[in-house]
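Asks: Let chain P serve as the given structure and place chains B and F on it in line with the hints.
Chains as they are written, first to last, in our numbering: chain P, 38 to 394; chain B, 769 to 946; chain F, 569 to 832.
Everything labelled a hint here was simulated from the structure, so no lab data went into it. Cβ atoms here follow ideal geometry from the backbone N, Cα and C, with glycine treated the same way. Do not rely on the hints blindly, as some may be mistaken.
As the list claims (entries may be wrong) - No more than 16 Å apart at the CA atoms, straight line, and that leaves these computed lysine to aspartate or glutamate pairs for EDC-like:
1) Lys197(P) with Asp230(P)
2) Lys41(P) with Glu917(B)
3) Lys41(P) with Asp836(B)
4) Lys592(F) with Asp379(P)
5) Lys592(F) with Glu625(F)
6) Lys742(F) with Asp824(F)
7) Lys41(P) with Asp798(B)
8) Lys772(F) with Glu616(F)
9) Lys40(P) with Asp836(B)
10) Lys854(B) with Asp379(P)
11) Lys854(B) with Asp836(B)
12) Lys669(F) with Glu240(P)
13) Lys393(P) with Asp798(B)
Said to hold, decoys possible - Computed footprint of chain P on chain B; a stretch qualifies when at least three of its residues, placed anywhere within it, have a C-beta under 8 Å from a C-beta of chain P:
14) 823 to 829
15) 832 to 840
16) 866 to 874
17) 901 to 907
Said to hold, decoys possible - Chain P is nowhere near these chain F residues, computed Cβ spacing over 12 Å in every case:
18) Asn579
19) Glu616
20) Ile623
21) Glu625
22) Glu721
23) Ser726
24) Pro729
25) Gly731
26) Thr734
27) Tyr820
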Amino acid sequence: MGKKLLMKGNEALAEAAIRAGVKGYFGYPITPQSELLEYMATNLDARGGVFLQAESEVAAINMVYGASGTGTRVMTSTSSPGFSLMQEGISYMACAELPCLLVNVVRGGPGLGTIQPSQGDYFQAVKGGGHGDYKLIVLAPNSVQEMADLVYLGFDLADKYRIPTLILSDGALGQMMESVEFPEYNVEEHLVDHSSWTTIGRENGREQHYITSLHLLSEKMEEINIHLQDKYKIIQKNETRFESIQTEDADILIVAFGLSSRSSQKALELAREQGLKVGMLRPITLFPFPTDEIKHLAQIVKGILVVEMNAGQMVEDVHLSVGNNIPIDFYGRMGGMIPQPDEIVEKIKDLSKQVKI
Amino acid sequence: MNEELIIAGFGGQGVLSMGMTLAYAGMVEDKQVAWIPSYGPEMRGGTANCTVIVSDTRVSSPIISSYDTAIVLNQPSLEKFESRVKPGGTLIYESNNILNPPTRKDINIYAIPATVEANKIGNAKTMNMIILGAFLSKTPLVSVNSIMEGLKKVLPERHHNLLPVNEKALKRGMELLK
Amino acid sequence: METTREGIVCNNLDQMDVVFERTKVLHDTPTSYCPGCGHSVAHRLIMEVIDELGILENTIGVAPVGCSVFAYHFMNVDMQQAAHGRATAVATGIKRVLPDKIVFTYQGDGDLAAIGTAETIHTINRGEKIVIIFINNGIYGMTGGQMAPTTLEGDVTSTTPQGRNTLIQGHAIKITEMAAIMDGAYYVTRQAVNSAIAVRKCKKAIKQAFQNQIDGKNGTNFVEIVSNCPSGWKMTPIEANRKIDEEVIKYYPLGDLKTPPKGA
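The shape of chain P in the complex, shown without the other chains:
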């Protein structure tokens, strides 16, 4: 590990991307992710990459498409309205199996919404987002340190599975400062040989390579779909990541990701001070979702509380994981509001009464 630095989440993410060997960054200004764009503008060219401010998020994602098709490590970042604009391009990339790193520093919606933090884009992130059957690998940092760490992982997974990987952050994680240490990372050791499919010219007269997401024959298109679904199953099997906190003796299990997992952890501490046995399961990968772990914990605890910065999105995946075998409560704030630890403690108490602890 290197030196400890105090950085904003957005800046730590950008710095990690440069250290992870990103060679192309294409983006468009939008609050609250502009520090990321500006960090790239200031630093990337001098450190061996290319920064370009696109004329729109639509153009940015298609620049990423083109650059990714050459086998180059590329990325873009945006915030919610901009991420909606990118969905068409992301769907194309998912089908054409183009690796890249996407970052959505989520703000409150719907519509133009607010510039304050939110987790309202969970569905869009984990259920596909654009048209057609596809998934992204979705990573959810909950600290400035993870804003950096998950960048390396994100690029590695994108390259390994030829899949767009998304870091689902939020306005507060992007703007807040914590200490961060950048790990040792030798880019060369992590690069994957993509030369069997990249479009860089028919060197030495080799066979033509082309990148497409168009297959007019239904039989062929179904074949492509089956291939993608098989790939997603492998990812589910191999790449599920989560953090368990004090779940060993828990009666109540909080499930929360990203920033709301930080509020929830504070609530967990406060509740334990009051004698309530609370644990937490924090998904780090939202796709693949830690279904098996939640299913397992549901057999131990008496009730589950899902805490999110939205109207209740991940809670649906928790329901899908455990069915109706155990009471599942939900607490969410919307529109840029953040669930406060004391509010969560109240919900924990309510749930405790309900399950007769």
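Replies: Coordinates of chains B and F only, in the frame set by chain P:
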């Protein structure tokens, strides 16, 4: 040790930089720190506040409901945060900007005329350092040296000629609450 | 050589001189274009240019949505298929990370001058060092003959059944003229492929555009090719080619719109 504080005031009063300086100073001393800003609708002239946490152990949440210390620099901030200081906690306010002083009896309240003091020093912008000095004299979280190290990070290099006057202000603030 | 009901049959090919050979940069396969369509000619010209300039090994093409969406089945170069309207953004991504490669787009009028207008304008404005080939046939061929941004006033299409009314549907867009006034454009020309002489001139222009990119000239090379759509226009190929001469190039005159200053 785990200190959770809110610093709140108008944009332009140096609220965010005061918090950031404290966070850097904590890191200089190898403590766990978090700094999280929250803006009002306008970047300047609106209310600005930031939460700072300095701790010996991992910071569980930068989002907190109640504070060990509130430092408030204007009336709206006092009204918003007085009730959210933990019983036995500390509230420091800038008395030149606040007409209706706090009323709670279960917390330690200190009034600092930092604007007047900063003008005496000859640089109105050092008001935030006077307040910070006052805070540190009651809650010695970090050393003056660490604060100055932090300030070197927060102040752009072209303003490093202002480091001595800021140090003076910091020490003046400490004297005020001795 | 004898003439039969199936056509002309040559029995002594190996004894004949080769005066014309199909470039190997075209796939040896029938295209999906309608008989008489200008796309086939434009494809051949570009591939011949790539062949003649010896840049096959470092050229990447981008073809977005339109009749030419399957261009990679006909053009035997490395290619990317792009989303509708986004070809120049995709090309920008490629060229920026691999500045030494030769990159071109092949776009229709709906793609380049309607849905992709923003990308087109900003790519040229940035002076991306690529070649843009713009096929203007005044109609949406792929989707069955709807109005294009370049459909001429009065022309009947499936979405202008009474003919294009400029008061309602606006005017045929002059995007090549827009390209020419931008500082980022290096070479802007309008050509056609409706006659032997036009085809020869068109190839020369395409070659110039690619040569500019090879030479690292500072700016975008934009070649509009006025083409036909016999199926969409509901004409025979001969009638369609005549319409180009009699109507289309009156509105869209041929020739260079921007050439680099001497020595540039």
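Asks: Looking back at the hints listed earlier, which ones does the structure fail to meet?
Replies: Violated hints: 3, 4, 9, 13, 16, 17, 20 and 21; rest satisfied.
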